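Enquirer: Each chain, letter by letter, is given below.
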Amino acid sequence: METVFQLAYIAAAVLFILGLKMLGKPATARRGNMVSAVGMLVAVVATLLQSGIDYALVAAGLVVGGGIGAFWARRVQMTQMPETVALFNGAGGGASLLVGWAEYLGNPTQDVVTAVATVLAVLIGGVTLSGSVLAWAKLSERVSGRPVLFAGQQVVNAGLLLAALVCGVLYVVNPEGGYAFLLAAIALALALGVLAVLPIGGADMPIVISLLNSYSGVAASAAGFVIGNTVLIVSGSLVGASGLILTQIMCKAMNRSLANVLFSGFGSATKAGAQAIEGEVKPISPEDAYYILEAASSVVFVPGYGMAVAQAQHAVKELADLLEANGAEVRYAIHPVAGRMPGHMNVLLAEANVPYEQLVEPGDVNPTMESVDVALVIGANDVVNPAAKEDRSSPLYGMPIIEVDRARTTFVLKRSMNPGFSGVENPLFYKPNTRMIFGDAKAVLGQLVAEFKEAAAA
Amino acid sequence: MTILLLLFVFVLAVFLGLELIQKVPSQLHTPLMSGTNAISGIVIVGAIATTAVGGTFSNVLAFLAIVLAAMNVFGGYLVTDRMLGMFKSGKREG
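Line by line, the protein sequences give chains L and D.
Following this note's numbering, the numbering of the first sequence begins with 1 at its first residue and continues without gaps.
Following this note's numbering, the numbering of the second sequence begins with 1 at its first residue and continues without gaps.
Don't read these hints as lab results, they were simulated from the structure.
Quick caveat: nothing in here was measured; it's all calculated off a predicted structure.
Keep in mind that the hints are not guaranteed to be accurate.
As the list claims (entries may be wrong) - To be clear about the criterion: a stretch of chain L counts as covered by chain D if any three or more of its residues have a C-beta under 8 Å from a C-beta of chain D, and this derived list gives those stretches:
id, region
1, 20-34
2, 101-115
Unchecked claim - Calculated lysine-lysine pairs in the DSS-like style (CA-CA distance at most 25 Å, straight line):
id, chain 1, residue 1, chain 2, residue 2
3, L, Lys431, L, Lys389
4, D, Lys23, L, Lys442
5, L, Lys252, L, Lys389
6, L, Lys317, L, Lys453
7, L, Lys252, L, Lys453
8, L, Lys453, D, Lys23
9, D, Lys23, L, Lys252
10, L, Lys442, L, Lys317
11, L, Lys252, L, Lys25
Note that the Cβ used here is the ideal one computed from N, Cα and C, for glycine as well.
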């Protein structure tokens, strides 16, 4: 019978791998997700057939947890996707922690390997749980998204980490009598998760979420070592590795190292000493902006977090349709770190039925920027900040940007002149070819749409 | 199964994971992340197996683990599917 379980687990692992591969291509992504879900079903059914399972307990847990998850997944709005992913991720980490804990209670005389795996499962699972919950709270603005810094923060964090590791080692030395150390390690891990995410600002959230996603995989893998379960080890490490790659891609897109993201509290202080900005801000009314858009034959939209906040994706699509009907070529330039999670903008635009062929990456749109008549920046800031190219003293210097400052005309839709999340001033707003359209993104886009419709009716 | 064999499996799976995700277009980053997130819900298998341990407090922990893992699995897959369902190609519409 054991052979049958193992074969089922191999089948599940193959389905996960195939599913992941298919998730990487737009045409097969949805089927890939289903293939991976079937893999999950196979693994769960195989586990249920093993002896000694408490079915009533399992059924109750599945109904409660599955119900909450399914309800949430259906109800949540696309703009709330980052915090939702964070929360589900935290749940996974929490489950790994609990598995490690419960297994210890069932069998406190662990060998060294199991003891090490138990410690890793509760430590990484604990950090994932509390870190994800804080990320969720920050992203859903239940607490301030600003980085929280205090004196000696890194010393405190390092001390906590060290204390957690010491507790872990003391536990491994003598698991049977080391229950107190295991509990202490759990408490320290939970505290560490909170303190590690505190200094990280909203704009760096894509990286943190992706890293926590990686952690939850590693925690699951560690739990797999605790109970000697192959499918847990394989799937957990797949997730851990892929999460790490995604994290690396994000960091590259911001031209920053992971260490810099995690420890610097980027954007906490408004960095003075940057070059003085020359020029003046030139506002423009939506009516005047309409005339320029009406004459444009190539338009690039550059969405950012502001579009998500204003829920303006449908208004963007409506304006784009009118521009296309007017004969303009429309594209959407998406920066890899725009928004609050990797690919955030793509999801929102997809919700508004924008075909994905029109979504282009900075590297593809930048060489053609001179021939773009109008670049429409909607709630994006740091990802279009020319200081990243021009100003060596800027904290953004070196980050690849979407170079809208080279377009013939750039409209910036913005609420006010406040700097972006990084707290860095944006010289783009002062460039001679830049016009600011102040107001709520959705309202302004609505006015532009109305202008087009009026003109068509007349 | 010996621990070395498990470690062997672990290392190979890490390399496979690194290879699988290398060249994914940025438009799929969110679904990919939420899809892998759903896979990390595989810890549900561990949670279910833990109910065999017995003991009241241990059962409470196992129950909570199943609840959390099930949230991760059901929520993760459904939300990923919802997102991917919205990705449309302009070509299909002609």
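Enquirer: Which earlier hints turn out false for this structure, listed by number in ascending order?
Expert: Hints 4, 7 and 8 contradicted; others consistent.
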